[in-house]
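Using the sequences and the hints, build the whole thing.
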Amino acid sequence: MIQFRLAREDELPHVADLLYDSFQDYIFFDLLCEKVRVRKRSAFARQLHLVNTKVFFQHQSCFVGIENEEIVSAALLKHPHHPEPGLMDYLFSGGLKLVFTGGISAIQHVFSILTDAKQACSSLKKPYWYLEALVVAKNQQGKKLGSRMLKQCLFPFIASHGGGLFTLITHNEANRHFYQKNGWMEFDERVLRGKEMFLESWSYKTVIK
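Numbering-wise, UniProt numbering puts 207 at position 207 of the sequence shown, and it's gapless, one number per residue.
If you're looking for bench data, these hints aren't it; they were derived computationally from the structure. Hints are supplied without guarantee of correctness; some may be wrong.
[What the hints assert, rightly or not] Computed cross-link-like contacts, EDC-like style, restricted to lysine to aspartate or glutamate with a CA-CA straight-line distance of at most 16 Å:
1. K78 - D89
2. K195 - D30
3. K118 - E189
[As the list claims (entries may be wrong)] Distance windows between CB atoms, simulated:
4. D89 - S122: 12 to 22 Å
5. I104 - N68: 14 to 24 Å
6. G162 - S42: 21 to 31 Å
Just so you know, even glycine gets a beta-carbon here, dropped at the ideal spot from N, CA and C.
Right under this line is the structure:
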């Protein structure tokens, strides 16, 4: 039986590893890491996941799904009324290692792409929850665990904290189908452009009561 709960601090490296493993083949991270030297991209992406996981644990919410004492799913959730983490929050969570690995220009590129990707959600006129990430371990995929984490963990958590608008972005057709199936409505489509790459991006929203 899978138990969904908030992550503990000692579990954050495991959550980051799960995020890294799950997103290795996700083209959005190729775009984010475009300005990092090829031989350093893996280390940069791994550290990026760890820093972001720590920041969400400290300032937003980080959830895990546990089965047989193993983390099999994870989610990062931004609250509508919690302030956006600042630069110092990221630096104190290991951001300096990102600078050493990728350089200042790589960090600037990451923040630029993320700002562009989230622009449609940021322009909404009412406060919103934001799903930063939802991942399932590769050996657990195909078991509807992602849908279960949404319906048994994230939706009830949001409802218990007043509900409201729940948003996300995604970048591939499989994810579009998944989120539409789970109740989201697409409200924006755009193209994210890097130095040499470009990528389609879609924004979704739903309301949790």
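For this session: Mind checking the hinted window 21 to 31 Å against the Cβ distance between G162 and S42?
Result: Since the Cβ atoms of G162 and S42 sit about 40 Å apart, the hinted range of 21 to 31 Å is violated.
Exercise. Range hint 14 to 24 Å: satisfied by the CB atoms of I104 and N68?
Worked result: violated (43 Å)
For this session: Sort out whether D89 lies within 16 Å of K78, counting only the CA atoms.
Result: holds (15 Å)
Problem set entry | Given pair status - E189, K118, alpha carbons within 16 Å | Status holds; Cα separation ~11 Å.
Exercise. Do D89 and S122 keep their Cβ atoms within the hinted range of 12 to 22 Å?
Worked result: Once the Cβ atoms are compared, 18 Å apart, the range 12 to 22 Å for S122 and D89 holds.
Exercise. Within 16 Å, alpha carbon to alpha carbon, are K195 and D30?
Worked result: Satisfied, since the Cα-Cα distance of roughly 12 Å is no more than 16 Å.
Of the numbered hints listed earlier, those contradicted by the structure are 5 and 6.
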